[in-house]
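Here are the chains, one letter per residue:
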Amino acid sequence: MQTAITNPILRSFSNTLYRKNNWFLLLLLTPPLLWFGVVYLGSLFALLWQSFYTFDDFSMAVTNELTLGNYRLLFDSTNLDIIMRTLSMAVAVTLACACIGFPIAYYMTRYGSAREKGFFYIALMLPMWASYIVKTYAWTIILSQQGILYWLFNHLGLTGALNAALQLPVIGGNTLATSNLGRFIVFTYIWLPFMILPIQAALERVPTNLLQASSDLGAKPAQTFRKVLLPLVIPGVVAGSIFTFSLTLGDYIIPQLIGPSGLYIGTMVYTMQGSIGNMPLAAAFTVVPIVLIFIYLALAKRAGAFDAL
Amino acid sequence: MHSKDNNPPIWLKTVAYGGLVFLHFPIVFILINAFVAHDGNTTYFTLKWFNAAFARDDVMSAITLSLKVATVATLLALIMGTMAAAALYRRNFFGKNAITTLLILPIALPGIITGIALLSAMSLLNIELGFWTIVVSHATFCVVMIYNNVVARFRRMPHSLVEASMDLGADGFTTFKRIILPQLATALLAGGLLAFALSFDELIVTIFTAGHEVTLPIWLLNQLARPRDAAITNVVAMMVMLITALPIIAAYYLTRGTETIAGSSK
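Protein sequence lines, in the order shown, are assigned to chains G and U.
Residue 3 in our numbering is what sits at position 3 of the first sequence, and the numbering runs on without skipping anything.
Residue 223 in our numbering is what sits at position 223 of the second sequence, and the numbering runs on without skipping anything.
Be careful, since some hints might not be right.
[Claimed, not checked] Subject to a maximum C-alpha distance of 25 Å in a straight line, what follows is the list of computed DMTMM-like cross-link-like pairs (lysine to aspartate or glutamate):
id	chain 1	residue 1	chain 2	residue 2
1	U	Lys13	G	Glu204
2	U	Lys68	U	Glu213
3	U	Lys13	G	Glu116
[As the list claims (entries may be wrong)] From the derived model, a few chain U residues whose C-beta atoms are all more than 12 Å from chain G:
id	residue
4	Phe45
5	Leu47
6	Asn51
7	Leu76
8	Pro158
9	Leu188
It should be emphasised that the hints constitute simulated quantities derived from the structure, not laboratory data.
Note that CB positions come from ideal geometry on N, CA and C, so glycine has one too.
Please model the entire structure based on the sequences and the hints provided.
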């Protein structure tokens, strides 16, 4: 049998660490804390601090004078439009993901055999993790006028219906690729798996005997679903919706590539920081999704969503 | 919550499988597109786009850069994620919740905020953007992948194993090498694979911290403005898909049957 021989100094060092538990803890925590506490939090505060700097419209330069002007600008009607536009898309996408995601998660958990469940799991994982830009790229081709969707509608003789849908005021546009409908489809597609998996996890935790008890006591399946199952699964839905909501709010690639030209919070931040160089206003704009997400998280917490994360 | 006693309503089964078709149809589309060539009116399968893609310097350098960044960022995340997991799994102390929240923050906040925050700090400190700034930004959001996997494994590992090892005369280092590390191995591997996949196709944060460097996702984004080059783009898109998909499947099999659900939070 081999015995472990180590340097006595190292040995006494490791013994000290084992006995002085707090030193060990400090030693372990220092590198991650330096990274996250200093580099990451420091950067977030640097960003927040810059949102109080002044941007001079004439010289296009940023000065260190502190002002609340950038935050006042957020309530400008054009900027409020941007915020409302992004917010309503985030809400619409979240609702769509919940409505499509729930039946998939429900089928998989309730009726899937072990094999089928494993298959569904991988089949959800792959598109979730598949490259974001590749998926978006695929959709730009699919939605284009030479693309497969137009071809399909044409062959089914439904081009008229598609054009009629594109005539509608809010969701419409010249083509699918430049309409809000197209953008909505892509957003829903990209974030859907993030909704299904938390719902599935919540469904998995519902004990079957609760559902049996409910039906033994005379509840119809619809009643069991509404009164027993749904309240137990809502936290999972909320957990999933945190992803879909937050990810849609901050996205700046999809609004650039698909849909009409109006700015989103993400594209606004990107333009302000990049081509205009107005970092203070960009920084103030990043506070908007943070505030919206914190409001949402506070609401979600009250619904007990974090037990399901 | 599984019961075999009744059959699913047909509409539910249709919706479930329809959802899967919806989720996979763009991916299959990309896979097929990579092998298709049009010549006049005929469409045929070919491998010629692969040769054309590999012959391009910009493609190869973007792939190399992304592989390098993902490797270094994953290694950094492995070290920090394991340290954080080892520190946090058994102890309760003031500020522990704050630290776990801090670790999750980079993936909980929209990527644009992490990106622009790091960029603004880097420009305040006059740091030149390049390879290392991309690595720093990627490692920041990769740590949580490792942390989640490793902390779950730590929680299932009986502490008495460590005590037994010490009682039998092993010191801390030997115990770590012979007892703890083998137990953690698959969790580290799974977390590492997820972190690698996450870093390899990250775009939102990278755009801010890359400066003039072109990673593979940035290359793809730039390609969208060049529709004439679509054949090459399709091939590269397919390769990106494969390079990220394989680690995900591997991570799934590595953590199957444990409480860790690989990638349950991205």
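Cβ separation check - U:Phe45 to all of chain G, threshold 12 Å:
About 18 Å separates U:Phe45 from the closest Cβ of chain G, which puts it past 12 Å; holds.
Hey, does U:Asn51 actually stay past 12 Å from chain G on C-beta?
21 Å, holds
Keeping to a limit of 25 Å between CA atoms, is the pair of U:Lys13 and G:Glu116 held or broken?
12 Å, holds
Restraint check for U:Lys13 with G:Glu204, where alpha carbons must lie at most 25 Å apart
18 Å, holds
Mind verifying the non-interface call on U:Leu47? Its CB should be farther than 12 Å from each CB in chain G.
Holds, since 20 Å exceeds 12 Å.
For the pair supplied as a hint, U:Lys68 and U:Glu213, confirm whether the alpha-carbon distance does not exceed 25 Å.
Holds - the C-alpha atoms of U:Glu213 and U:Lys68 are around 12 Å apart, at most 25 Å.
Say whether it holds or is violated: U:Leu188 keeps its Cβ farther than 12 Å from all Cβ of chain G.
Label holds. Min Cβ-Cβ 16 Å, cutoff 12 Å.
When you look at the beta carbon of U:Pro158, is every beta carbon of chain G farther off than 12 Å?
Consistent with the label, U:Pro158 stays out of reach of chain G, its closest Cβ about 17 Å off (over 12 Å).
Exclusion check [U:Leu76 not at the chain G interface, CB over 12 Å]
Given that some Cβ of chain G is not farther than 12 Å from that of U:Leu76, nearest at about 9 Å, it is violated.
Hint compliance for this structure: hint 7 alone is broken.
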